[in-house]
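This is what each chain is made of:
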Amino acid sequence: MTRSPVKVLYIDDEENNLIAFKASFRRQYEIYTANSAAEGLKVLENLPIEVIIADQKMPQTTGVEFFKSITTTFPDPVRILLTGYTDISALADAINHGDIYRYITKPWNDLELHNSIKNAHDAYRSKIDLRNKIKELEKTNDELNRFIYSISHELRAPLVSVIGIVNLVKMEGLYHSSGEYWELIESCSSKLDYYIQKTLQYYKNNKNVTDKSEIDFKHLVNEIIELYAYSNKDTTFNININQAQKFIGDSFRIEVILGNLISNAIKYQKTSNKEKTVEISIEVNKFSAEILIKDNGLGILNEHLEKIFTQFFKSKNNQGSGLGLFIVKEALNKINGKISVSSDLDYGTTFKITIPNAT
Amino acid sequence: MLIDDNTIDLKINSKIIGITKLFDDIILCQSGEEAIAYFLANEKDTEKLPHLILLDIQMPEMDGFEFLDNYKLLPEELKDNTRIAMLSSTLDFGDIRRAEANPYVIKLLKKPLYPAQLQAVFTTCFIVKE
Numbered sequence: 001m002t003r004s005p006v007k008v009l010y011i012d013d014e015e016n017n018l019i020a021f022k023a024s025f026r027r028q029y030e031i032y033t034a035n036s037a038a039e040g041l042k043v044l045e046n047l048p049i050e051v052i053i054a055d056q057k058m059p060q061t062t063g064v065e066f067f068k069s070i071t072t073t074f075p076d077p078v079r080i081l082l083t084g085y086t087d088i089s090a091l092a093d094a095i096n097h098g099d100i101y102r103y104i105t106k107p108w109n110d111l112e113l114h115n116s117i118k119n120a121h122d123a124y125r126s127k128i129d130l131r132n133k134i135k136e137l138e139k140t141n142d143e144l145n146r147f148i149y150s151i152s153h154e155l156r157a158p159l160v161s162v163i164g165i166v167n168l169v170k171m172e173g174l175y176h177s178s179g180e181y182w183e184l185i186e187s188c189s190s191k192l193d194y195y196i197q198k199t200l201q202y203y204k205n206n207k208n209v210t211d212k213s214e215i216d217f218k219h220l221v222n223e224i225i226e227l228y229a230y231s232n233k234d235t236t237f238n239i240n241i242n243q244a245q246k247f248i249g250d251s252f253r254i255e256v257i258l259g260n261l262i263s264n265a266i267k268y269q270k271t272s273n274k275e276k277t278v279e280i281s282i283e284v285n286k287f288s289a290e291i292l293i294k295d296n297g298l299g300i301l302n303e304h305l306e307k308i309f310t311q312f313f314k315s316k317n318n319q320g321s322g323l324g325l326f327i328v329k330e331a332l333n334k335i336n337g338k339i340s341v342s343s344d345l346d347y348g349t350t351f352k353i354t355i356p357n358a359t
Numbered sequence: 001m002l003i004d005d006n007t008i009d010l011k012i013n014s015k016i017i018g019i020t021k022l023f024d025d026i027i028l029c030q031s032g033e034e035a036i037a038y039f040l041a042n043e044k045d046t047e048k049l050p051h052l053i054l055l056d057i058q059m060p061e062m063d064g065f066e067f068l069d070n071y072k073l074l075p076e077e078l079k080d081n082t083r084i085a086m087l088s089s090t091l092d093f094g095d096i097r098r099a100e101a102n103p104y105v106i107k108l109l110k111k112p113l114y115p116a117q118l119q120a121v122f123t124t125c126f127i128v129k130e
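As they're listed, the protein sequences go chains A and B. Heads up, the first sequence stops at 359 in this note's numbering, and the numbers go up one at a time, no gaps. Heads up, the second sequence stops at 130 in this note's numbering, and the numbers go up one at a time, no gaps.
Keep in mind that the hints were calculated from the coordinates and are not lab data. C-beta atoms are modelled at their ideal positions from N, C-alpha and C, and glycine is treated no differently. Treat the hints loosely; a few may be bogus.
[Said to hold, decoys possible] Subject to a maximum C-alpha distance of 16 Å in a straight line, what follows is the list of computed EDC-like cross-link-like pairs (lysine to aspartate or glutamate):
1. A/170 to A/154
2. B/110 to A/226
3. A/204 to B/92
4. A/118 to A/30
5. A/334 to A/172
6. B/107 to A/193
7. B/21 to A/279
8. A/267 to A/283
9. A/218 to A/255
10. B/110 to A/214
11. A/106 to A/193
12. A/207 to B/92
13. A/198 to A/275
14. B/15 to A/172
15. A/198 to B/92
16. B/107 to A/211
17. B/110 to A/223
18. B/11 to A/172
[As the list claims (entries may be wrong)] If we take Cβ atoms under 8 Å as the criterion, some of the chain B residues that face chain A in the derived model are:
19. 10
20. 12
21. 14
22. 16
23. 60
24. 61
25. 82
26. 90
27. 91
28. 92
29. 93
30. 113
31. 114
Sequences and hints are given; from them, build the entire structure.
In structure tokens:
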């Protein structure tokens, strides 16, 4: 790999030093020299200098003063200070304010200076590389966000239209007019919709932004029930929410967690059960919200209990996506929440969740 | 009044509105611009203005929120008898928050629209008030 030689700017008021420097290093580096800080600045303004070497003792502006003056305008080039005196206070000043990478005493040793320039250049490269990587990541992240947004609109909108049409077919009494075809269309579209929603939840949860807003659990739970009880109107809800304390938390993730668990509690019921019940109790205190969601539904096989939170785990009997509980677990991880589950096959399942209160 | 760029959704939702038998007339607009123009064209004839607007969010050029910004600038007397609900398939948290925060929006309805949801909006807007 051939890389263009390192661009070095050397500022010194003594012409002899400039000449000596050039003579020693012109084969290795692309060298620019200046005999004052002002001249040096001119070079900096016009060329992408990577390493600056400045003499400390110069009339008008000293090396440290010069470095200080360019900390905001030219933060990137790596700085090396050259000085004939071991002046501790100048040195301290240089390190504290001038962002100096190396300090070299005059007269310099060619090998030492050469190594310093090489190291300085490496530091410069890694600084720039890191910045480029961050830029790249920001771009990818931005694209991902836009992708998520467009999924939520472009991909879902037509699907929702299809579901709307099926609903109309139902309302107009045509649902059974073509054998079971409408039913099949409906079940396929709602499955697809479910996957889109879960995928979105998963990606949104993956982003590290946590928002802190006040949460009214009563309101939230009612909204969720209203949303999911559509499909199943014969479930009784026993809700017991005790929130005397203000609760601050990540509203998106908490909604995802409760939404998934409550919809599961509604969904995984025995068809034969005449008294389908879902019990939701929430106790909010200063430190946390303790949430219990209990159903008298199908229950979970003991040997499955450990696996229900893993991605794409599905049991044979249930038509889940294998995503819901996985997302719940991931979301809880992000907000330092805990979950435990107990279940008796055929008698129902209980989930206990603890979410820390950020007040 | 239905505002939606998607003609299929306009068709579906006007049928749903028809099924509820809650409204006498449906005005269909394929864009926010068209809806604003309708308001201005009927400035003198406020009888023709809608009582309820169902507003889509994602539309080319003037989207739902931009429509609301323009709607805000209409003279008060044109808006007196009109309520707005947003109707969208969005799952975007930002959109949902923005819709809830807008003072003109009484509710964010999710597509697909169900007669029961419309009934609920109707009850809160037009029955409780009287």
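Problem set entry | 16 Å limit on alpha-carbon distance, applied to hinted pair residue 218 of chain A and residue 255 of chain A | Holds. Residue 218 of chain A to residue 255 of chain A sits at ~12 Å (cutoff 16 Å).
For this session: Answer holds if the nearest beta-carbon of chain A is closer than 8 Å to that of residue 16 of chain B; otherwise answer violated.
Result: Residue 16 of chain B check passes; min Cβ-Cβ to chain A is 7 Å, inside 8 Å.
Exercise. Holds or violated: residue 10 of chain B as interface residue toward chain A, Cβ cutoff 8 Å?
Worked result: At about 10 Å, which exceeds the 8 Å cut-off, the nearest Cβ of chain A leaves the hint on residue 10 of chain B violated.
For this session: Using Cβ atoms only, decide whether residue 93 of chain B comes closer than 8 Å to chain A, and label the hint accordingly.
Result: holds, 5 Å
Exercise. Holds or violated: are the alpha carbons of residue 106 of chain A and residue 193 of chain A at most 16 Å from each other?
Worked result: Not OK: residue 106 of chain A and residue 193 of chain A at ~73 Å, beyond 16 Å, violated.
Exercise. Within 16 Å, alpha carbon to alpha carbon, are residue 204 of chain A and residue 92 of chain B?
Worked result: Holds, because 9 Å separates the two Cα atoms, which is no more than 16 Å.
For this session: Take a quick look at whether residue 110 of chain B and residue 214 of chain A sit within 16 Å of each other, Cα to Cα.
Result: Violated, at about 24 Å.
For this session: With chain A as the partner, please determine if residue 14 of chain B meets the hint condition of a C-beta pair closer than 8 Å.
Result: Check failed: Cβ of residue 14 of chain B comes no nearer than 11 Å to chain A, outside 8 Å.
Exercise. Are the Cα atoms of residue 107 of chain B and residue 211 of chain A separated by 16 Å or less?
Worked result: violated, 23 Å
For this session: Verify the proposed pairing of residue 110 of chain B with residue 226 of chain A, using a straight-line Cα cut of 16 Å.
Result: Cα-Cα ~12 Å, so holds.
For this session: For the pair supplied as a hint, residue 15 of chain B and residue 172 of chain A, confirm whether the alpha-carbon distance does not exceed 16 Å.
Result: holds, 10 Å
Problem set entry | Restraint outcome when residue 92 of chain B is required to lie within 8 Å of chain A by C-beta distance | holds, 5 Å
Hint violations for this structure: numbers 1, 5, 6, 7, 8, 10, 11, 13, 16, 19, 21, 23, 24, 25, all remaining hints satisfied.
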